[in-house]
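Chemist: Sequence:
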Amino acid sequence: MDINASDIYSFYQSSLGSIVKRTVRQRITSVLKDISNQSVCGYGYTSPYLSFLKKSHANLNITSLIPDFLDGSITEKYDFDEKLFMNIFSH
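Heads up, my numbering is the position in the sequence shown plus 726, with the first residue counted as 1.
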């Protein structure tokens, strides 16, 4: 099954996606106690989580590594560094 960027975006806009966002955010918050002045790096479509962290921890240094198949497909505005990452898989 192929999943593209618009599928991911649509999922997070759905009611189930909202529940997933809330649940994952709660888990992240419970695991990351004091992360002020730290660095966090996300890989994949992490905007729902990294933007939440940025809002709640202003001094946090955040970078998002986005797979190349998402490049240009999602037109959200990020308030953290975004880096395109080319996936290379070998079998």
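A few of these clues could be false.
Straight-line C-alpha distance at most 27 Å; calculated DSSO-like pairs for lysine-lysine [claimed, not checked]:
| # | residue 1 | residue 2 |
| --- | --- | --- |
| 1 | 747 | 781 |
| 2 | 759 | 780 |
| 3 | 780 | 747 |
| 4 | 781 | 759 |
| 5 | 759 | 747 |
Label pairs and their calculated CB-CB ranges [to be verified]:
| # | residue 1 | residue 2 | range |
| --- | --- | --- | --- |
| 6 | 742 | 770 | 16 to 22 Å |
| 7 | 789 | 752 | 18 to 24 Å |
| 8 | 765 | 739 | 33 to 39 Å |
| 9 | 733 | 789 | 21 to 27 Å |
| 10 | 747 | 795 | 17 to 23 Å |
| 11 | 733 | 763 | 33 to 39 Å |
| 12 | 781 | 740 | 17 to 23 Å |
Derived from the structure by calculation, the hints contain no laboratory data.
Positions of the beta carbon are idealized from the N, C-alpha and C atoms, including for glycine.
Chemist: For this structure, which hints from the list above don't hold up?
Modeler: As far as the earlier hints go, only 8 is violated by this structure.
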